[in-house]
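Starting from the given sequences, assemble the full structure and let the hints guide the process.
Chains as they are written, first to last, in my numbering: chain A, 44 to 422; chain B, 9 to 402.
Treat the hints as calculated values from the structure; they're not laboratory data.
Predicted model only: the values in this text are computed from it and were never measured.
Hints should not be assumed to be uniformly reliable.
Stated by the list, open to error - Listed below are the simulated DMTMM-like cross-link pairs for lysine to aspartate or glutamate, each with C-alpha atoms no more than 25 Å apart in a straight line: (1) K308(A) / E387(B); (2) K86(B) / E356(A); (3) K329(A) / E236(B); (4) K232(B) / E91(A); (5) K281(B) / E356(A); (6) K235(B) / E115(B); (7) K251(B) / E142(B); (8) K45(A) / D319(B); (9) K308(A) / D399(B).
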Amino acid sequence: MKLILTEEQQFLKDTAQSFARDKTPVTHFRELRDSDNSQCWDDGVWQEMVELGWSGILVPEKFGGSEFGMAGISVIMQELGKTLTPSPILSTSVLGVSAINMLGSDDQKENYLPKIVAGELTTALAIDEGNHHDPFAIETTAILDGDHWVLNGKKVFVVDGSSADTILIVARTSGKSGESNGISVFVASKKTAGLDVSKISTADSRNYANLEMSDLKLEQNALLGEKDLAGETIEKILDLGRIAISAEMLGNTEEAFEVTINYLKERKQFGVQIGSFQALQHRAAKMFCEIELTKSAVIAAMHAADENSNELERLSSLAKFQAGETLHLVSNEAIQMHGGIGVTDEYDIGFYLKRARVAEQIFGTSEFHQARYADISGF
Amino acid sequence: MEHLEQFRQEVRDWLEENCPPSMRTPLVPEEEVWGGRNAEYVNPESKLWLERMGEKGWTAPNLPKEYGGGGLDRDQTKVLHQELFRIKARPALNSFGIWMLAPCIIEFGSEEQKREHLPKIIKGEIRWCQGYSEPGSGSDLASLSTKAEDMGDHYLVNGQKVWTSYADKADWIFALVRTGPKEPKHNGISFLLIDMATEGVSTKPITLISGKSPFCETFFDNVKAPKENLVGVENSGWTIAKKLLQHERNFISNFGLAGGGTGSGADVVNIAKKYLGEANGQIANPAQRENITLHKMKEHAFGLTLQRSGDEGAKASAASSMFKYYGTEHNKDRYELMIAAMGNKGLGWTNEGFSDDEQAITKAWLRTKANSIEGGTSEVQLNVISRRVLDLPN
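Following this line, the structure appears as structure tokens:
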């Protein structure tokens, strides 16, 4: 496994870089935040991404996708992360596509994947139920009642949950909370009776929802794949999600760092550029080192996913851990090094801090992944 | 690709025939080979192995064939290393000459110097040491004051170097000397090669907080060095010095991974399980387990970064400062974690109450403190990153 990009991946990255620079600079995010757009991403921008083929990067060719893989979608997310571009790419093109493709029957794939590729359908993965990510702590139940499934329970902090047309609900069909056995995934249209979707308002001004399922009735074919057996696959899907968001967080970090370094070169106090102060230089140099480590962890994880490596779990945890730690550090230092202007809403740098903490929570904090890494490694 | 596989087969066949059996067993410290005029070989097969590898030029695989090197390209060099690793071959030769000096002679030396020195370095016939630091010039290396006066056909050298590794065992020294006392400090330095057997050169070993060390003080008392031993142009030695430091940093930063050089090779997780005990197969103390996990994750990411740098084909550059900084700080951290895990067993000095391995870890812990000082302190590396990579103002 070489830790570099192929020509194809580099091309995707370059395309995404121009896209973010030209179509969705940070002002685009600011306008969305200040508008009454409740889904927090722009339909027109998403349609342009769809036209570039980004909705189908992980979709098999026979369903209209390009199969450019995790490396392909990760480099795109990295570039979009630089300008904080909001879009349903994580919830739909990574999580939705992976879940349907890895768990679903041929009919289900045929039913959903081409629509996702065409930009006609967005999805969200509803898994967490508590204040912290804990993939098998599932208490939502699904019981087969005659020819229907009946779901009861609640979900929280569902990424893009308030805008998704279709929601993938992780529920327990047997066993008890904490066990990986007995978990199944169901597909539900947002408009189904018994499914209550309430948007929550978060610091990063993106779109999340809490869900409540009260005797939510679903057809038998709403079950994705086999009953009880989704646990292991869910872990794999989450790992792909973790890698993708790590790439986005790397992009957040790179941009926040670059903006800060530029500020250190411009801002003058005591008659000199503040970047000439060693107290700031050494902190900047240490951040540089951590960013280099993050790049390596992310590129290793995305290639591991594409090569079906048995190191995937460890590398995905390493990537999310390192991306989280580094973004945490850089988002704090960026504010401090900007001084007063850094804590004003008028200036963009604060957006990176707010996005950072939310992204750190998604699919497991650094502490979560540190514990997971230790367990996998047998420490 | 095909010719590379053919090359691999050739290497494999050659090694099969030429790597002596005992050279495929784990290295014992007293059998380490550094070459030189006065080399002693505890194991005669080490000598044979050096001669065979030196003849082939594979002690310096990527140096040009015409000067005795292997003449291999990047990919072939990698194949050679893989094959050596596969049979667990010992290094045929450890050499500051190869690691640091040879690349600089190739870049800056005269044709005569290349022909004179490179083959002897590559064959391990001459052992080199590095004369950089002085008692008054540590991080501010360019303030060095060992002077070399132009006496027509030779330089007259007077002064003192410090931290000269293995000066007492080396045959030659590559030294930074001041040839332009009136020039601004960076512009009055020259890069001079001096035979340690010359009259007026003497050395004295230095004892460290960790005990015995290879470091020496080196004294020059009216030493005559022939003019032809100046590398590059007089007073422009600083350029060469900086380049050489990059090669040195790359070499030292690998400490962070292998625990090599100053390491005992002990794995911190195994040590922790042994001395803290296990609970359900895990390191029993949760706080220490957490600290160790953090360390191992950083190590993993750092290792991937070294690999990525290789895959990107990056040359020795400012990035070497990052590796030097991170690798050495990481190595210090490893030993702090290790002795913490060992408790009172991590603090032994002699064999009264402590095993050899335990003492070795304690000594190594102390020795690692110098890792972030030698070859440019961590603070100097951070300065280099700030200025050259991030382009922050002075």
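Do the hints match the structure? See the list:
1. Taking the CA atoms of K308(A) and E387(B), the gap is about 21 Å. The hint holds against a cut of 25 Å.
2. As the CA atoms of K86(B) and E356(A) are separated by approximately 29 Å, the hinted pair breaks the 25 Å bound.
3. With a C-alpha separation of about 43 Å, the suggested pairing of K329(A) with E236(B) is violated against the 25 Å cut-off.
4. Of the supplied pair hints, the one linking K232(B) and E91(A) is violated, its CA atoms being roughly 75 Å apart against a limit of 25 Å.
5. Restraint check: the Cα-Cα separation between K281(B) and E356(A) comes to about 23 Å, which is no more than 25 Å; the hinted pair holds.
6. For the hint linking K235(B) to E115(B), the alpha-carbon distance of about 19 Å falls within 25 Å, and the restraint holds.
7. For the hint pairing K251(B) with E142(B), the CA-to-CA distance comes to about 19 Å; that is within 25 Å, so the pair holds.
8. Between K45(A) and D319(B), the direct Cα distance comes to roughly 6 Å. Compliance with the 25 Å bound is thereby established for this hinted pair.
9. For the given pair, K308(A) sits about 9 Å from D399(B) by alpha-carbon distance, which is consistent with the 25 Å threshold.
Violated hints, in rising order: 2, 3, 4; the structure is consistent with all others.
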